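**Q** Protein sequence lines correspond, in order, to chains W and S. At position 71 of the first sequence (counting the first as 1) the number is 71 in my numbering, and the numbers step up by one without a gap. At position 49 of the second sequence (counting the first as 1) the number is 199 in my numbering, and the numbers step up by one without a gap.
Please note: incorrect hints may appear among the correct ones.
Which residues of chain S face chain W? A partial, calculated answer using Cβ under 10 Å [claimed, not checked]:
| id | residue |
| --- | --- |
| 1 | 209 |
| 2 | 224 |
| 3 | 228 |
In silico DSS-like cross-links for lysine-lysine, where the CA-CA straight-line distance does not exceed 30 Å [to be verified]:
| id | chain 1 | residue 1 | chain 2 | residue 2 |
| --- | --- | --- | --- | --- |
| 4 | S | 221 | W | 49 |
| 5 | W | 49 | S | 215 |
| 6 | S | 221 | W | 28 |
| 7 | W | 31 | W | 101 |
| 8 | W | 106 | W | 67 |
| 9 | W | 136 | W | 46 |
| 10 | W | 136 | S | 215 |
| 11 | W | 106 | S | 221 |
| 12 | S | 207 | W | 31 |
| 13 | S | 207 | W | 123 |
| 14 | S | 207 | W | 5 |
What the hints contain is simulated information worked out from the structure, not anything from laboratory work. What you are looking at is a predicted structure, and each value in this text was computed from that prediction instead of being measured. Virtual Cβ for every residue (Gly too), placed ideally from N, Cα, C.
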Amino acid sequence: MSLKKIDGLQSEVFVPITPKPVWAPVTKPLKDMTVAIVTAAGVHLKKDKPFNLAGDTTYRVVPGDAKTSDMMVSHGGYDNTDVNRDINCMFPIDRLRELAKAGFIKAVAPKMYTCMGGGGNVKVFTEKTGPEIAQKLLQEHVDAVVMTAG
Amino acid sequence: MIVQRAIESVGIPTIIIAALPPVVRQQGTPRAVAPRVPMGANAGEPNNVEMQTGILKDTLLQFEKLDQPGKIVPLPYEYIAQI
């Protein structure tokens, strides 16, 4: 018996679909890598415009040598108490600099990229924000990226 | 996470430190680690340099270990927020 086929019929039950895998192979050892941090934790320099807590697809740049005392967090999606005590618990920039100094990695990238996750227009993140950040990291010869989000 | 996939797809390897492993799995992360931390302290307890260094080092080491997409590696660090 063949099942009746109706064109365009969709289940009423929303089924989340996991996207296809993406994979960039690692080509060099850690000690030769320039590493950037990219975070969706809403970190930015105090002098920069805060993220719109209701949803924001823009991103900010934090220089690799910026002081943590010049940074702050604007994010409406998680409790900021810990990150206000110590920004390294979401944005471990001091730890990354220490690892570079110790020779564990080659260098800290010149620029870190930050955005506010947990909201905002998914289409804009997919088509604009994400690719723009990726291109900049390529131009800056970044070998690997550590992210904090989710 | 969308931005992670965008970066990975131009050829730069990425790894995410996740407080919510099921979410990053659903989003199709290529590489992830999951210490036992709450959202908001993914990279470790505030002002705990030892824990933060351990988490970041173990995260970076996974670049040399992981050989296929979609794995989420638990990390042996625990922080329970008193907030």
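**Q** Take the hints in turn and mark each one as holding or not.
**A** Outcome of the hint check:
Checking residue 209 of chain S against chain W: minimum C-beta separation of about 6 Å stays under 10 Å; hint holds. About 15 Å separates the beta-carbon of residue 224 of chain S from the nearest beta-carbon of chain W, more than 10 Å, and the hint is not met. The interface hint given for residue 228 of chain S is violated, since its Cβ lies 14 Å from the closest Cβ of chain W, which is over the 10 Å cut-off. Restraint check for residue 221 of chain S and residue 49 of chain W: not satisfied, since their Cα atoms lie roughly 36 Å apart, outside the 30 Å limit.
Taking the CA atoms of residue 49 of chain W and residue 215 of chain S, the gap is near 39 Å; set against the 30 Å cutoff, the hint is violated. Only pairs whose Cα atoms come within 30 Å are accepted, and residue 221 of chain S paired with residue 28 of chain W is accepted, the gap being roughly 20 Å. Annotation: proposed proximity of residue 31 of chain W to residue 101 of chain W holds, straight-line Cα distance about 11 Å (limit 30 Å). Using a Cα cut-off of 30 Å, the hinted pair residue 106 of chain W and residue 67 of chain W holds, with the two alpha carbons roughly 20 Å apart.
In summary, the hint linking residue 136 of chain W to residue 46 of chain W is supported, as the alpha carbons are separated by about 22 Å, within the 30 Å threshold. Under the criterion of a C-alpha separation no larger than 30 Å, the hint pairing residue 136 of chain W with residue 215 of chain S is consistent with the structure, at around 27 Å. Our distance criterion of 30 Å between C-alpha atoms is met by residue 106 of chain W and residue 221 of chain S, whose separation comes to about 26 Å. Straight-line distance between C-alpha atoms of residue 207 of chain S and residue 31 of chain W comes to about 12 Å, which keeps the hinted pair within the 30 Å bound.
For the hint pairing residue 207 of chain S with residue 123 of chain W, the CA-to-CA distance comes to about 33 Å; that exceeds 30 Å, so the pair is violated. Annotation: proposed proximity of residue 207 of chain S to residue 5 of chain W is violated, straight-line Cα distance about 54 Å (limit 30 Å).
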